[in-house]
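Chain residues, written in single-letter form:
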Amino acid sequence: MISLGARARATIVIGLIGLMQISVMPHLTISGFVIDLFLILTVIVGISAGSDKAVGIGFSCGLLADLVVNSPFGLNTLVLVLVGWGAGSLAPQLVETHRFLRSLTVGLTVSSGVALYACIAWLIGYSYDAENLIELVVLITGMAAFFELVFRANSQVGVTYRAGRLSE
Amino acid sequence: MSRRPRSRLRIVLFIFTALVLITLDARSDGGPLTKIRSVALDAIGPIRSTSARMFVPIGNAWQGITSYEDLENRNDFLEAKLAEIKSSTLQIGEIERDRKALLSLLGARDTLSNIPRRTARVIDAQISNFERTIELDKGSRDGIKVGMPVETGAGLIGRVSQVSVTRARVELLTDPNFDAGARLVRSGDDGVASGKGAGKNLIVNFIELETVVIPGETVVTSGFQGSTFPEGLLIGTVVDVTPNAVQDTQRITVYPSADLDRIRWVSVILFEADAPGPVLVDRDFPEPSSGGRIGAEQSGNDS
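So the sequence lines, in the order shown, correspond to chains A and B.
The first sequence runs 1 to 168 under the numbering used here.
The second sequence runs 1 to 303 under the numbering used here.
Fair warning: there could be bad hints in the mix.
Said to hold, decoys possible - Chain B stretches covered by chain A per the calculated footprint, using a threshold of three residues with CB under 8 Å from any CB of chain A:
#1 8 to 15
#2 62 to 76
#3 153 to 159
#4 162 to 171
#5 182 to 190
#6 205 to 219
Said to hold, decoys possible - Far from chain B, by Cβ distances over 12 Å, these chain A residues were calculated:
#7 I12
#8 H27
#9 F33
#10 I35
#11 S48
#12 K53
#13 F59
#14 L63
#15 G84
#16 H98
#17 L104
#18 S112
#19 Y117
#20 A121
Rather than coming from a laboratory, the hints here were simulated on the basis of the structure.
For each residue, glycine too, the CB sits at the ideal point set by N, CA and C.
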């Protein structure tokens with residue numbers, strides 16, 4: 001069972017990520033591509049905390065994304081739930097893995113998410129820019145791996161800090 | 001119930017909810033989901049406007065760093081284009097004078113220029129990589145409706161795809177979901193222009209194989225009855241022609257005349273598909289008019 005505090009934290013994080021996605025990210029594009037923070041957050045949560053939490057985060061992020069974009073309503077929700085579940089399933093295999101391999105896994109899972117989006121969009125008849133897909137996948141893999149490295153480094157700093165405080 | 005089956009049930013429930021939402025969205029055009037999105041568009045509008053003011057300079061600096069070569073190429077291209085335009089301006093002025101003189105001789109009206117327009121500022125760029133949209137600072141309270149064409153001085157840029165009270169979202173003509181009836185000005189042959197993605201040219205299909213198409217030829221909207229575009233809106237110029245002998249047609253590649261990368265201000269053409277008579281030129285007959293010609297009855301631009 002997820003505690004009330006954890007739910008509140010998750011809501012705040014999703015809110016902040018959502019705010020960044022709609023306000024900051026459209027202006028900080030790389031080669032014209034927008035960094036999808038919702039997707040990256042879902043994958044990082046999946047790999048760090050397992051599929052149970054990632055599916056919930058993916059569902060909330062997906063609904064938020066569906067509210068603000070023009071694509072069929074529910075498409076982002078479906079993709080992020082599946083990605084969260086997939087990323088969470090990989091989590092047990094990555095507990096003792098080297099951080100670079102872990103980052104690479106995050107990157108590849110995120111790019112699988114982009115490919116999954118394209119597949120489902122194609123299935124429901126929603127056209128997308130297919131020729132830029134490979135470029136997008138490569139870019140987002142790199143970005144997600146980078147975010148995972150930063151996230152991990154920060155969480156390690158946090159853990160060390162908390163451990164230090166406890167030992168005092 | 002143990003933890004694992006419960007978590008599986010949760011996943012299934014989430015997937016089911018998403019599938020229901022997709023189905024609802026596909027089946028109900030203008031239904032509750034569209035209304036929810038409109039409310040969201042209004043709610044995030046001020047945030048996006050403020051963030052645009054804050055982050056556009058940062059974004060421009062970032063673009064300068066990450067796309068310096070692109071900017072340089074673009075600058076060269078625009079300089080060449082400017083030189084080209086300078087040389088043709090005089091010629092166009094002369095042609096326009098001739099056209100107006102001919103219209104007045106025929107007792108005809110230029111309907112396209114009489115359709116009212118609403119000038120709007122582009123407040124933000126796309127959020128997702130899978131769509132080519134821009135957001136405008138005008139909405140339904142300014143008379144904007146879904147489907148209305150949007151242009152800059154250089155030509156058509158897209159159509160309104162979503163409207164809230166204070167905001168409108170425009171699907172650009174490079175969006176893969178965009179299509180419009182197109183006409184080759186020289187031959188008068190009609191086809192369908194479709195978007196192929198950001199930075200790519202449009203494709204016009206269904207042009208007959210016998211039609212002679214010359215690169216550089218102008219392509220405009222065809223404006224058939226029921227079309228969301230009036231006749232004669234500039235789309236772009238032909239850059240390539242590929243014959244398709246199997247289908248007995250030609251595939252025309254069209255370079256959009258409007259610059260879609262740096263749009264700041266646009267005009268929303270207050271044209272509705274169901275209004276009768278979307279014609280470029282119509283004669284003024286002496287007998288009483290039945291009315292309803294959009295261009296004849298509404299007037300004035302509000303810029």
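Status of the hints after comparison with the structure:
no., hint, verdict
1, 8 to 15, "holds (count 4)"
2, 62 to 76, "holds (count 4)"
3, 153 to 159, "violated (count 0)"
4, 162 to 171, "holds (count 3)"
5, 182 to 190, "violated (count 0)"
6, 205 to 219, "violated (count 0)"
7, I12, "17 Å, holds"
8, H27, "3 Å, violated"
9, F33, "5 Å, violated"
10, I35, "9 Å, violated"
11, S48, "17 Å, holds"
12, K53, "10 Å, violated"
13, F59, "5 Å, violated"
14, L63, "8 Å, violated"
15, G84, "9 Å, violated"
16, H98, "28 Å, holds"
17, L104, "21 Å, holds"
18, S112, "15 Å, holds"
19, Y117, "7 Å, violated"
20, A121, "7 Å, violated"
Taken one by one, the earlier hints fail for this structure at numbers 3, 5, 6, 8, 9, 10, 12, 13, 14, 15, 19, 20, listed in ascending order.
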